[in-house]
Each structure stands twice: as structure tokens, then as C-alpha cells.
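Visitor: Listed here are the chains, written in short residue letters.
Number of protein chains: 4
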Amino acid sequence: MAYKDEKLHEEKVFKDPVHRYVHVRDRVIWDLIATPEFQRLRRIKQLGTTNITFHGAEHSRFNHSLGVYEIVRRIIENFQDRPHWNNDQRLLCMAAALLHDLGHGPFSHSFEKVFKLDHEYFTQAIILGDTGVNRVLERVSPGFAQEVADVIGKTHTNKLVVSLISSQIDADRMDYLQRDAYFTGVSYGHFDMERILRVMRPMEDQVVIKSSGMHAVEDYIMSRYQMYWQVYFHPVTRSAEVILTKILHRAKHLYESDYNFTLQPTHFLSFFAGDVSLDEYLKLDESIVHYYFQLWQQEEDEILSDLCERFMNRRLFKYVEFNPNKQVADLLRLIELFKEAGINPDYYLVMDSSSDLPYDFYRPGEEEERLPIHLLMPNGSFKELSRQSDIVESISGKKRTDHKLYFPKDFLYAIKDEKIVQEITGILYSKEME
Amino acid sequence: MAYKDEKLHEEKVFKDPVHRYVHVRDRVIWDLIATPEFQRLRRIKQLGTTNITFHGAEHSRFNHSLGVYEIVRRIIENFQDRPHWNNDQRLLCMAAALLHDLGHGPFSHSFEKVFKLDHEYFTQAIILGDTGVNRVLERVSPGFAQEVADVIGKTHTNKLVVSLISSQIDADRMDYLQRDAYFTGVSYGHFDMERILRVMRPMEDQVVIKSSGMHAVEDYIMSRYQMYWQVYFHPVTRSAEVILTKILHRAKHLYESDYNFTLQPTHFLSFFAGDVSLDEYLKLDESIVHYYFQLWQQEEDEILSDLCERFMNRRLFKYVEFNPNKQVADLLRLIELFKEAGINPDYYLVMDSSSDLPYDFYRPGEEEERLPIHLLMPNGSFKELSRQSDIVESISGKKRTDHKLYFPKDFLYAIKDEKIVQEITGILYSKEME
Amino acid sequence: MAYKDEKLHEEKVFKDPVHRYVHVRDRVIWDLIATPEFQRLRRIKQLGTTNITFHGAEHSRFNHSLGVYEIVRRIIENFQDRPHWNNDQRLLCMAAALLHDLGHGPFSHSFEKVFKLDHEYFTQAIILGDTGVNRVLERVSPGFAQEVADVIGKTHTNKLVVSLISSQIDADRMDYLQRDAYFTGVSYGHFDMERILRVMRPMEDQVVIKSSGMHAVEDYIMSRYQMYWQVYFHPVTRSAEVILTKILHRAKHLYESDYNFTLQPTHFLSFFAGDVSLDEYLKLDESIVHYYFQLWQQEEDEILSDLCERFMNRRLFKYVEFNPNKQVADLLRLIELFKEAGINPDYYLVMDSSSDLPYDFYRPGEEEERLPIHLLMPNGSFKELSRQSDIVESISGKKRTDHKLYFPKDFLYAIKDEKIVQEITGILYSKEME
Amino acid sequence: MAYKDEKLHEEKVFKDPVHRYVHVRDRVIWDLIATPEFQRLRRIKQLGTTNITFHGAEHSRFNHSLGVYEIVRRIIENFQDRPHWNNDQRLLCMAAALLHDLGHGPFSHSFEKVFKLDHEYFTQAIILGDTGVNRVLERVSPGFAQEVADVIGKTHTNKLVVSLISSQIDADRMDYLQRDAYFTGVSYGHFDMERILRVMRPMEDQVVIKSSGMHAVEDYIMSRYQMYWQVYFHPVTRSAEVILTKILHRAKHLYESDYNFTLQPTHFLSFFAGDVSLDEYLKLDESIVHYYFQLWQQEEDEILSDLCERFMNRRLFKYVEFNPNKQVADLLRLIELFKEAGINPDYYLVMDSSSDLPYDFYRPGEEEERLPIHLLMPNGSFKELSRQSDIVESISGKKRTDHKLYFPKDFLYAIKDEKIVQEITGILYSKEME
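Chains as they are written, first to last, in the UniProt record's numbering: chain A, 1 to 434; chain B, 1 to 434; chain C, 1 to 434; chain D, 1 to 434.
Bear in mind the hints are in silico, worked out from the structure with no lab data behind them. Please note: incorrect hints may appear among the correct ones.
No distinction is drawn between identical chains; accordingly, a pair holds when it is met within one copy or between any pair of copies.
In silico DMTMM-like links for lysine to aspartate or glutamate, alpha-carbon gap of 20 angstroms or less [stated by the list, open to error]:
id: 1; residue 1: Lys7; residue 2: Asp275
id: 2; residue 1: Lys113; residue 2: Glu418
id: 3; residue 1: Lys210; residue 2: Glu10
id: 4; residue 1: Lys12; residue 2: Glu77
id: 5; residue 1: Lys283; residue 2: Glu309
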């Protein structure tokens, strides 16, 4: 039997708190899970610093990746005898689902920002490079790895397959909303996925939703909205992320200034230099980051050691609402005052803005071009969701931004010059009192 | 106001998936949570290698410790106006609950076995030593730290307080059963804790259970039984633990043989030497262990690098049922055969035995002397649980042991001498075929 | 001890699937639950004909009433030491919560419409009349029954107390959303009530919500919206209700036409006559209705027996979307055609319209004047919810109406004149095909 | 297409709180659900008087019957390609599952006892008689109704099919444990059904369980045990049942004594006479019973009216532990004393005994001959569950009986002769004081 058609002697299952069981029948999927590159995802948290706020959120990307695979597996099972569905795409869909986050590193968001990396680039690199994953995929058929990479990269010609993995209501999002809700313990994030799966229909170039399932989709959209504001953009989580980002900045700066680290930060060198090989990238998991942060607490550089100590022991920055557009003068004055007080504002006075866009239909040219959700009407026509749903229409395209200014409040207490303290406090807290 | 009576301006809550919310009102508790020693528990998994089997089980000891605190807080709330309850013990109970696992290190079980350590010793050391935790406790009142240590060490004179933290039905067990069930996703581990809390009654020297709540307690005992066999003693988890243990053994052996490590294993040296200071102990969290295991994959020593590679990439040992008592000759022969085949049996042929004792009443002289569960009968007398409950009686004191022999099956395929392979296979699998 | 302060020797609990346990400590509450008028609520379904669509929805108003009581009990527990809260109102609040639905009869909606009744009138009548409930309340203190009636009737001078029972986010709504979701099994209807209870604050004349809890309230509003459209206005449920209404109309008509019922419909006579005494009202529970409907299946009057048979055996009317405003001519023509075909359109061609208004702030003069939800801002001011929440603003005040035309499809098959059938079908289904 | 193979145009679903969705694809199943005899199950509570204790337990037999069907449907789906499974039995299994409780009447237990009825007899009668159900079944093929009746009656030659519906771990039990737990809200009754379904294997003459699933089965057995003692045998529920039984006895007695009922109890006459036709049986649902009980509250016979008033208004009998075997003299004396006090002991002094047998293997001659559970061992052999499982072994075959004596405590207060009261109280409560 061809490798691509090989079934395991007995179906294997993973116990999964969200989907109850993840079922694996195909040898290819089983072999992909066993690769070192996929196992590495066990050492990378799905939600980065969120566990600082929600202590349950310690689940890994391994966890989520299996979940996305399982959802796609179930969708395909439902598609089996439907028109427009070509079962030859089955393995492609499942492999792409399983591997879609393969290129994530530890605390992706911060690392990508500071070191100008892109996890999607590394996902492609792992799939196409000299890796265990690539060897499994190429055994399926020459060029299969490229196909999987194309689906994940949204450049594959089969748009139906792409839409299963990347759209406004893809398996990725359905899994992470439920999973992140489960592990954080929040009561948002629940929607009737079983119903959504039942009303999904494959069409020529996308998955659509039977209009009778519209309310379940509304619920999903609302879950997303709530999860963004309640979990993903939580100000305390962002405080930890702000500190993390500043640690990376500082370490890079020290490296560039020929600072003499007590222990050579081998794992980071290529990141500092801006030239990261696949091998170096794969080695940097969360354990390694924590190892260095622990060491750096003992570094001579006060900023680096202070920031690391804060991150490891959760002594976070405090924050106030702050609108950088309307309060330019305030911000400039604060920077000055911090300097006067001997606190480096580059590291200790940080603006952070979050914005969501819970549902949006396609707008050419946008960075994240997710496919919109189409409803299949009783008469066979399609309608874009927000044209049919009041609720979705009302939140569609409304970008909401939340600005916060972060700083170490404990430092303020240590400022000797009372006048400086008063002026700083005045600016920071006057707004709140209104 | 005295520090011990200080309340937070506004109650703080942690979102907890198991108890919904963990409530903190006391400044002392809040300050204890903020110490570096307590925050360190975030970097130590509650269930060690279990996440290798149940991918959801990535929760930390931080998680569990908050949960135990919360249960004790609720119990005490119920005790408020009851006879035998002295509310002066409130803070003592809650602090002991919060800190009871403070001395756990990464993969405690294996580390303790290999390096002859005892996490309870370190719990005491952290509470009584020069630490943030100690400073908070001593601020409550001189000697308070010692009291907390005594409660955790079960030597405190107030037996009622001790029994809240350590008995057959203490807050510790009630939390971990539910928490581990939640994060693994298994359907065992559920019982009606709310009911148990309602029927708990403080007595002079222990907590007892009103007999009307007996069935809820039976359910709890059964949960425990099921969790032991389904989760805690899972053979795949034990395989990862076996490898971990062997890595530590090997590294220690190499160190003692003056092997030249590529990078000096600084964090491990005092462990190898058998003389671990508190400071060194606290530095060794799971990240550090993973860091070294990653490095050691590149070590020249083939056994060390092979075992580390297995552990990190989940290439586990396989296992067969094996009774070391009845199959002595088999085992000796296997050892010989492994040697002939050039496989070091010290590292690659490992017996592992698990045994549980889901409920037992006090037997003087036993290692783990947990207090038995007493029922409070309608007429005011007490009855030990197993004398009243058929189910509990039936499993009480029945020690069940499960023996497994672990080995790397992939190595067998590589043995050139066909006869050796056949004999090994014959011994290992003959039993299974019966 | 005064009756109003009497506590039960030991707290009593009801096992409740939604709130886990309902706790009763006060003798007055315990005695109210034991009255025949309250026990009667066991024989009245919370959701009328909804169980025809969702077979789990068989829960009674008894069930819900206990739930509302429990929520109010918990709210008050949280209010204990807060400013603006006067604990003398405790019993009043709990009694009003428990009794707020006391006047509901079987299938209230239909009965009220056909017989021009008002369940709120009967709630007052039971509380103030010669009943067990009244006797318990008057034992608390003379005039207490009137106070309870006033709170339920929203005329009590203590607006804070009224707002606990009747506002946009009162205990009534919080209970029924969760309860109806639980028993139907739909995945909507969940929101974080525990959080909402924590952020409720008593003010002089209303309960307000701390603004930090806004997202939980949004979730509650969305639950309501979803429950309305997914459960309460479900077209199949409305079909059963349409038939029920027509049965009552027909029976009344027959009574007025001096039709000779096989068995005198004793329980219904005062309803037909439009002069229902309290005693007669209390006797008519769902069992009695079912009893008559079973008998009436054998009545000679074909319309009555057909409708009853349909109701009992779930042979419902089918429906099509139909806009009575735009399709006046169609409707008139259908009436004519039905008559020509010998089908009485008064009973067999029924327009039914549903409309919701998921959240609205106070508009003087509206029938249902529920108090709006106010947020308590960090600076101590209040803000009406929809001014702060995008989502709520977007659905606020948007009345959405759903029109359906109901008819027995099976009757159409029996029409002999093919031309009539075609014209009827043409009108009914042309719209759908567009 | 043959009727038996007809599929619905689009799969229909019922929202079910326990199994999420019940799926119907076959026209035959759809038609069976639509019959009046099956719809009648909506008016019969699954748990009789249990809702008197657990107010959530208002779910109907309709509810449960759909659930059993759904479980069997899922089991068969898993069996599809397995040896020993003949898919021709599919419809037979599903129909038998759906209809297995068809003959239940209101409060079956009490009615069967008083009127010497047998619901299994009526199940057969409905399936084979002149009914809607029979017409649907006979349309499948002549003799199909008989086959379904045989499966339910356990006389069908295909033992594998029988064991799906009636064995120690059949679909019936798996549904009711979970469903009754859900609706009562107790925390027992949960087990991992999904896992059990996965490890079920069809064999020649029974369904067996792969031994790797033993722990899930243990959990199921324990659930059963707990549900029996916590829910099914709850002493308050039994109190309501005792009263109900006495009402039926009294009414029958009055009928036999030519008592003149205010309204002729038409629906009961054939029950009193001991000659119930199918038609009369089907007419007697719970509504009808409630109707008469309401009327009888006004009857002149004091015993009948008192008992009915108690039942309707939940003024139950109290109870004490009482061993009829050891306390014969006590019981006789109590009877005498009741008579002396003018209280009829035939109706007001009632012994009630419950006993469970949570798991038992086949014993010839026993009344309820359920097939034992067999494990399929790795080597292909079978082992009876209790020989492999300690827990099951420990509770296997242990019959436990709980005796209670019921009486109206309020009557005792009304006895004028103080000495009689004291003696009665002495006997009843002396035991409790020990």
C-alpha cells in the first residue's frame, strides 16, 4: 500500500480536554507528530505571557496544533459525499492543519517585533528544509511538502482547501478560542462548534455556512470579540510582554555595544546579528529563554538584570490609560521627567496599543487577508455574513484601540526629588480622576 | 492595624478553571504569592512527565498551590461559627495550604530518587531560611514561619489544623484530583466537593465528615483510585520518567568519572556532589533542566546524548508486563543478552513498579501516615469510613502493584545477531501471548 | 424569636442543576415553599410548548422560582456590608424573588391572550388573598404581604429592592436564561453570573454594575439575544402555540354557541365566561388542560377534535415566511381559497409575529418599563450601558420582527380541486423560491 | 427504494442536553417518533416521583427513549466494518432501542404493584397491536414488528442484538444514568461513554469490552451504584411513592366497596377491575392521574382526600430506619397503637424496602437476567468483569437493603391520648438515639 494510504493497525487517540479525543488513523499524520520539530511545540506556550494573568493558560502549541488537525479531520468526514469535495485533498488538509503553527518560536509576538522575524517564514522553512517533517512529507509524494507549505501560505491554487485553514471561521480560530477559554477558565469562548461543523458546505473555492446556522456563527464571532478583550489584550499580560520586549532590546543593545556577558549568550547571537539559521531557530524554545533570563538576573548591567528579575518574579509594570495622539506633550514631558529622575525612559516608559477587528470581510491590500464568511441561502445564493446579521454588521470593520502607558511604579517611590514625583504622578493620574 | 489583620483595599481574584475564582483578601497571602520562591512554582509542572501522555497536563504547581489555598479558605469560611473552631488559626491554615508544595523541584520524583533529596525538607528550608517567604511570615509574628512549617511537617500541636492540610481527605488531595482531571481531560476525578465542604465539621483534633455525606466521600475515594491507575501510573508517563531518571544517573556517573562536559553543568554540580544549598536548589527549575538536556544531546557520550534526545523528542522506551519476583531468571538472562548485543542494561533495561493505596486508615509506623477519615454519626459518635462504607472497605488496604519492564524497542531491530534478537523477543513477548 | 428572624435548625438545600445548590436558612422561606400555591408551580412548565421543539425543556416554574430566590440570596450576601444596603429588606427581597411568578397558569401566553387574563394580576391576588402564601407572609408582620406584592408589582417605594427583581439585569432574567439553556441543551445562555454578582453594587435607587464588569454584562445581553431567536421564538414552538390558541378559541366559541360537550368542561367554564375566581384559577394547571384536550379529541366538533389531536400528538402546522404588511392581497386571497376548499381559515390559517428587544433603556410610556443598566465608572459617576458598549449600542432599541404564516400542510393534499391547490401553493411558496 | 432503506432528504436532529444531538436519517425512525404512542411518552416522567426530591428531574420517557436510540445508533456506526456485525440488523436495533420503554405508564412502579400490571407486556402489546407504531413497523416488512418485540423481550435469537438493548452495560442504562444525573444535577452518573463506545466489540452472541477499557467500565458501575443510593432510592422520593401507592389502594378499595365517587373515575375503572385494554392503558398518562388526584381532594372519603392532598401539595410522610425482620414486635405494637389512636395503619404506617444489586453476573432463575459484562483480553479470550476488577468484585452480588417505616408525623401531634403518643414516639425514635 502506498505510504499516503497507510492506516495504523489500530486507531490512536490523544485525550484532549477540548475535543475529548483527537483521533489519528493515518500513518503519515502519526509520523509527523513524532518528528522532533513537532515535538518541540510542547516547549512553546500557546499564549506566551498570558499565564502571568490567567494561571491556567500554560498550554502549549503542540496542544493547539493537534486540536486544529482534529477539527479539520471532522470537517472532512462531514464533507465525504458532498459535491465540490475531492477526497484526494484529505491528507493535504490534515497535514496543513497539523503543521500550520510549526514555525512559532517562544513568545513569538515579542521576538518577531524585536528581531524582525516572521514565524510564517519559519513554518515554510521547516516544511521545506532538511527536517524530519520534510522527510515524512516527501515520502508521501515528491512535491507534497511544497503543497502543504502553499496551503499554509495561502498561495495554493485550491482555495477551498486554503479556506479550511485560513479564513474568518477556520479550524485554527475555532480551536484556539475554545482551547484558550478552557485553559484560562473564562466563560467566554464557547460556541456550538458541532453545529457549525454540521452547516459547513464545501463550494468551489471556499467553505460556506448554511444560513440556518447563522446564529451559531454569530455566537462564534462574539466569542472572538470577548476573548480578544478579556484574554488576549489583557493589560497585565501586555505588561509582561512589554518587559519581555525590553529585555530583548536591552540584550541586543548590549551585544551591539560589545558588552561582556558573564556567559556568552550562544543561543541568541544569531538573533542579535539578524541572521538566524533554521537550526538555530529550532533550538530556541521557552526553556532556553528562561535559562538566559535567569542568568541575566545576575548580570552587571542594571537595566538587564532588573528587567529579567521583574519578568521571572512577576514584578510587573503598572499602567494608565494614555492616548498617544492627544497627549503628545504629556508624553514628551514624562520622558524628560524620567530622565531627570535617572530612569531610562527607553526601557521604563512604554506605550502599548492593542486593537482588534473581530470580523471583517475581504479588503484588498490589507495585511491579514482572511476570507470573509459567506452564508448559503435557501435559494442557493451566497450572502456575506455581515449583510445578513445585525450583530455582526454592527461590529464589522469597527477598529477599536486601547492605549496604555506602562512604567515601574515602584521606581517612582524611590525618586528623591518630591517635585518630580508630583509632576509625574500628576500627569499619569489626572486623567483617571476626571 | 496589625500586618496579620490587614485586608486588601479591594478583594483580588485569580480566574481559576477548577474553582472558578480564587479569592484573596488578606495582605499576607497576597504578599506570599508575590515572593520569588512562590512565583518559581510557575516553572515547575504539577505532573512532571505526564504531559508526554496527556498533552493537556501542562499546569504548574503554582496553579495547584493557589487551588489548595482556595479550598482551605472555603472550609474555614464554613467553620466560622462552629464549635471547636478557633478563628485565630485562620491565617496559619491558609498560609500552610498555599505553601505546602513550595519545596518541589522539577520532576521531583526522579530527582529525589537519584539525588536522594526530599522536597519536604526544602519546603521547610524555604519557609525558615533567608527568603522572601520567610520575611513575609516573620512579619506576621516572630515564630509564625516555624508554625507554618510545623503544620506542613505535621508536627504542629494543633491536630485539627494539620488535618486540613494532610489527611486522607485534605485540601491538597481534593484540589489535585480535580485539577489533574481538568487539565488531562479525563472524565474521572470529579466528585461533589461543594457537598463535602458542607458536611465537614471541625472537632478537637481533626476534621470529620457528617455521615449523611458518606456517598460524596465514596465518590472522592473512587476518583482517587481511578486517577491513580488512569493518569498517575500511566505506563507511557512512566517510560518518560524512566528515561529521565537514567539521564540523571548517567550525568552523575560521567561527572564522577571526570568526564569532560562540553559546557560545565554548573546548575547540576551540587546535585552530583550530594550537597545542595537552598540557593542552588531554588535555581533549578524545569527550564534549566531542559536547557541542559538540549545541550547534552550533542555530548560525545553516546548514552547521555541518546537518552536526552529520546526525552526531548519523545522517542520513549516500550514496555511489557514483567513480574520481577516470578521472573528472576528471565531478567538475569535478558541482562546478559543485552550485554552480548552491546546494549548497556544499566540504562536500557529498566524495571518499574507502581502501587497505589487509595484509602487506608492509620497504621503506626507507615511512611505516609495520613489521618483516616472519620464519619460523624447522627448520635454524635465517630466511625472510621471503611467500617461504614462497603465500597471503601473493599478497596481499603489492598495494595496493588503493577510491574513493567522498559527498553528501547528500536535498539532490538539494530542487533545484528538474529539469535539474540529472537531470544530477547521470546522472553519479552512470550508472556503476552498466553 | 420573632417569626421573621427564625432560622431553620440546620440549613436546607435543594440540589439544583443550574446553581448547584439552593440554600434555605429562613423559616419564612421554607414555609412559603411548602404552601399549596407554590407547590402548584410544579405542574406548570416554565416554557409552555417549547418542549415540543426542545425535548429537554420540561422544567417547571417551581424550578425557576427557586433559582431566582437563590440568586437574590447570593446578591444580598454580597451586599451585606455595603453602603446603601439596609439588611432589613433582606426577607422582602427573597420573598418577592421566590413568589414573583406565582400567578402563572398553564401555557400563560396563550391563555392570557384568549381569555384576556393577566398573570401579574393573579400573582397579586394569591399574595393578598385567602391563601397559604398570604398566611405565611402576614405572620411576618401585618402588611408584609402587601409589601411583597408591591415589589413584584414595581410600585414599592424602595426602588433598589424593585430593581433586584425587575430590571434589565435582574435575578429573574439571569436565572431563566441559564436555566432554559441548561434544560434545552443549547450552547447559548451562558454568561459569567458569578462575575456579575461580584460587580453589582447597591445604590440609592437601583443596582448598578462596576464598569470593570462590562464585558460580562455584554455577554449576558448577547445570551439573551441568542436565546430569544434560538429558543423562545422558535417557529416550531410557535406552531404548537398557534394550535393551542385556536383550541381555546374554538372551545370558547362552542360554549358560546351552546354546543353540547360530552363532558361538561367544568374547569373551563369561568374562563369562557370571562369571570375567573382565584380558586378556579388555581385549579387549572397543565394536567387539567391535558385532560380536557385528551377528551376533546373525541368530541363531535371536527375542528376541536382535530386541533386537540394535533396538539397531543404533535401533528403541527407548517409555516412560511409571510409579511402581513406587504402581502395583504395574498393573505386575503388565501382566506378566500381556504374557504373555497372547505377549510376554515379562522382556525387553519394563522399569522404569528415575534419580536424581541434584547436591551433597551427606559422609555416612558412603554408597556414593559424595565430599568436600564447603569455602569459605575471609576470616578464614581454612572453611565448607561449602551453609551459605553459598542455591541450593546448596536443592538439597542432595534426591534426585529419575524412574521410567519401557519397552516396544516396535510390539509392541502386533501383538497380535490387541483387548481385551488396550485394557487394556494403558488402564493405560499413563491416567496421562498426567490 | 424500499421503505426500510429510505433516508430523509436532509438529516434531522434533536437538540439533546446529554448527547448534544440526536441524529435521525432513516424514515422509519422518523415515522416511529411521530406516532401517537411514542408522543405519549412526553406525558410520562422518566423518574416518577423523583422530582419531589430533585426538582430538576422533570424529564420524560420521550427524552430517554431518544437517548437510547442515539447511543445504539453510535454503537452501530462503530461496528460498521467489524467482524461478527451484520448490518442488516441495524434498523432492528435502532427500532428496539427507540421503543423499548413504550409500554411504560405514569408512575409505573406503583401502578404495576397495585394493579398487577407489567409494562413489558404493554410494550409488546403496543408494538404488536392495532397502533401507529405497529403500522410503521409492518411497513418495513411483515413480521418486523414481532422481531422488534422479541428483541425487547429478550427472546430474539440474535443474542448480539439483544445484548445491545439489555445487558449489564446496555444503551438503556448508559443513557438513563447520564440523563438522570444531568436533570437532577447530581455529580454522580458521569462516566466516559465515548471511551466505552470505542472499546465495545461485537462478538457472536454478545457485545464485549476490550480489556483496555476496563477502568471506564468500573466508573460506569460505580456511577450506577451511586445513582441508586443517591437518587433512585432517595427516602423522600419513596415517601411520595408510598403515598401514591396508598391512594391507588384506597381508590380501588372504595370502588370495590361501591363507594359513590363525585365524578365517575372513568379512566380508572378497568384498572380497578383488573382488566385493562390497550386503548384504556394508553389513555392513562400522568395528566389524567393528576386530574383525578385533584378531584379526589374534594372526595368525602377522608383517607382518599387526605392522601391526595398530601401528594399534590407535597405534605409527605416522615420516616425512620426500621428493620421489619428484627423489629416484628415493635411493628405489631405500632399497628395496635395507631388503631387505638384512630389512625388507619393500612394507609398510614408503611414499610418500604429498597435494595440494589449494582453489578451481577448471570444467575439462572433470577428475575432480571441481565447478561454479564465480558472483557476481551489481549490474547483474544474473554473474562467476566468481576474476575478482573477488584472494585467490581468487591460490590458484585452484594445485596444491600434499606428499610424505612413511613408515617404522617403531623397526625401524631393530633393524638389526644398523651400516653399513646409517648409509646409511639418511643418505639419510632428509640433506635435513632442509640
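Visitor: Against each hint, give a clear statement of whether it holds in the structure.
Guide: The hints, checked one at a time:
1. Within a single copy, lysine 7 and aspartate 275 get their C-alpha atoms no closer than 41 angstroms, and across copies no closer than 52 angstroms, so neither meets the 20 angstroms cut-off.
2. For the identical chains of this complex, lysine 113 and glutamate 418 are neighbours neither inside a copy (37 angstroms) nor across copies (56 angstroms), given an alpha-carbon limit of 20 angstroms.
3. With identical chains, the CA atoms of lysine 210 and glutamate 10 are at most 20 angstroms apart between copies only, with a shortest distance of 13 angstroms across copies and 35 angstroms within one.
4. Proximity of lysine 12 to glutamate 77 under the C-alpha cut-off of 20 angstroms is found in both arrangements, the shortest distances being 17 angstroms within a copy and 18 angstroms between copies.
5. For the identical chains of this complex, lysine 283 and glutamate 309 are inter-copy neighbours only, at 13 angstroms across copies versus 24 angstroms inside a copy, given an alpha-carbon limit of 20 angstroms.
The structure is inconsistent with the numbered hints 1 and 2, although it conforms to all the rest.
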